[in-house]
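**Student:** Under numbering that gives the first Met the number 0, think of the first position of the sequence shown as 0, with each following residue one higher.
A couple of the hints might just be wrong.
[As the list claims (entries may be wrong)] Cβ-Cβ distance ranges computed for the label pairs, FRET-style: (1) ARG34 <-> PHE79: 36 to 42 Å; (2) ARG33 <-> PHE79: 34 to 40 Å; (3) ARG34 <-> VAL67: 21 to 27 Å; (4) ILE6 <-> LEU115: 26 to 32 Å; (5) VAL19 <-> TYR85: 26 to 32 Å; (6) GLU46 <-> LEU115: 19 to 25 Å; (7) ARG57 <-> ASP82: 22 to 28 Å; (8) ASP26 <-> GLU63: 21 to 27 Å; (9) SER86 <-> ARG57: 19 to 25 Å.
Note that these hints are calculated values from the structure, not bench results.
Backbone N, C-alpha and C fix where the C-beta goes; we use that ideal spot for every residue, glycine too.
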Amino acid sequence: MGRHDPILDLVLGFARALKVPVRSQDDTVRNAARRLGLRTPDYFMGESGPEPYWSRERTVTHLESLPVGLSEFMTHPGYFDDDLAYSRYGRQRETELAGLIAAEAKQAVKRHGIRLVHFGTC
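Use the sequences and the hints to build the structure in full.
**Tutor:** Laid out in structure tokens, this is it:
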């Protein structure tokens, strides 16, 4: 949503004013952010569809083939409860949480020397 005009201009303007990094789902957003001197990851991975994206298998596959640079994994991990029943992301949160903390994922991080950081370190 935030990558389309006129919303993109607003997002970039707010990010610049607040001095915060910007999510770049594609090269267009990434290039626009960098032209303004905004911090943004080199790569974006994830999907916001109704099905869980970060299953154990998909998480490990992505970790095993990360490109060099800073990659953002867009995730919705958590526990489903009545407060999340309204959300189309509600039920997928537990699948994504399990995928992200799976032993195989932790092993891939260690094996490849991947450094996990928060978004503010972009």
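**Student:** List in ascending order the numbers of the hints, as given earlier, that are violated by the structure.
**Tutor:** none
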